[in-house]
Every structure is written in C-alpha cells, then in structure tokens.
Amino acid sequence: MAIGLDVETPPEPENPEEYDYEKCPFYGDLSVRGQILEGQVVSTDMDKTVVVEREYDVAVPKYDRSMKRRSRIPAHVPGVLEPLSVGDTVKIAETRPLSKTKSHVVVEITEEATAVDVAELTGQAEPEPELSDEDLAAAADEGDE
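Reminder that position 64 of the sequence shown reads as 64 in UniProt numbering, one-by-one numbering, no gaps.
It is worth saying that the hints were derived from the structure and are not from the lab.
Check before you lean on any hint, since a few could be wrong.
Listed below are the simulated EDC-like cross-link pairs for lysine to aspartate or glutamate, each with C-alpha atoms no more than 16 Å apart in a straight line [claimed, not checked]:
(1) K48 to E18
(2) K68 to E55
(3) K48 to E22
(4) K48 to E8
(5) K68 to D57
(6) K102 to D45
Simulated restraints on C-beta separations [stated by the list, open to error]:
(7) A119 to Y21: 34 to 42 Å
(8) A59 to A140: 53 to 61 Å
(9) D133 to V42: 34 to 42 Å
(10) A119 to A140: 26 to 34 Å
(11) E17 to V60: 29 to 37 Å
(12) G28 to D135: 46 to 54 Å
(13) M46 to M67: 25 to 33 Å
(14) E55 to V116: 14 to 22 Å
(15) T89 to G28: 34 to 42 Å
(16) D29 to E134: 53 to 61 Å
(17) V118 to D6: 27 to 35 Å
If you're wondering where the values come from, they're calculated on a predicted model, not measured in any experiment.
Ideal placement from N, C-alpha and C gives every residue a C-beta, glycine not left out.
Let the hints inform the model, and build the full structure from the sequences given.
Right, here's the structure in full:
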C-alpha cells in the first residue's frame, strides 16, 4: 500500500546501484495517479515495456445491443516486477508520460499465464505433454498385441 493503491509491495531490487529508481512507483519517485486498468499482456518484445490489451463492451443504442472493443496500452515494467510473459493478467496505473507512447506502469501481476493461454495468444499449437519412457514402453506393448 506504499503507492496509494491496494497492491502488494514487491521485494527490494537485488542490485540497487544499477536499478532505475526514476521510473519505479514502489521504490522510486514515480507518482501514480488517474486510471487503474486491468488487462492481459499480449506483447513483451520491447525492453522494460509490455503491451496490455483490455476488452470492454460499448452500448450501441440504435440496435439496443452491446459491442466488444479492445484497446492496446503500452506500459512500463519496473525491474522489481520482471519478468512478465505473454498471457499474464496485470493491473496497470496511469502516471506522467514516460516516453512518447508510455503513460502507464504495471503495478501488480494478478494472474500468471498458463501454457494454454500462451498458445492461444501466440497462435502456436499447444505444447504436447512429454511422454516418459514408461508411457512409450506401454504404448509399444499395446501395439504388439
């Protein structure tokens, strides 16, 4: 609760001499204000930055229905919360502009991604479970019969 939000404070950075305190809301000077959003990490290609996608409903009064929309928000990842992976559900908070596109910072990892989530987001086939030698021997025995 050190930053004014109901989130758990992560452990201190391992090497304080090299840590970027300027862009850390937990141990640095970065103030958190404005919106607090929750979404899913869809890209971790950039250094210290993730792209968080959130899906929300918008009412369409003409048809008396709701429509789904998505927004992709680049967010800074403080060093104490690294590493993040695709598929993690995170909570991000608004801050001052950190760069041309970043005005949000990750403050909490609410849910870790599973292998199924990662496969779904990346478009790759789900990883097959590894078969042990016993399973392979049992399959060979069934084939002989």
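Cross-check of the supplied hints:
no.	hint	result
1	K48 to E18	14 Å, holds
2	K68 to E55	7 Å, holds
3	K48 to E22	13 Å, holds
4	K48 to E8	20 Å, violated
5	K68 to D57	5 Å, holds
6	K102 to D45	15 Å, holds
7	A119 to Y21: 34 to 42 Å	37 Å, holds
8	A59 to A140: 53 to 61 Å	60 Å, holds
9	D133 to V42: 34 to 42 Å	38 Å, holds
10	A119 to A140: 26 to 34 Å	29 Å, holds
11	E17 to V60: 29 to 37 Å	54 Å, violated
12	G28 to D135: 46 to 54 Å	51 Å, holds
13	M46 to M67: 25 to 33 Å	30 Å, holds
14	E55 to V116: 14 to 22 Å	18 Å, holds
15	T89 to G28: 34 to 42 Å	24 Å, violated
16	D29 to E134: 53 to 61 Å	57 Å, holds
17	V118 to D6: 27 to 35 Å	28 Å, holds
When the structure is compared with the earlier hints, violations turn up for hints 4, 11, 15 and for no others.
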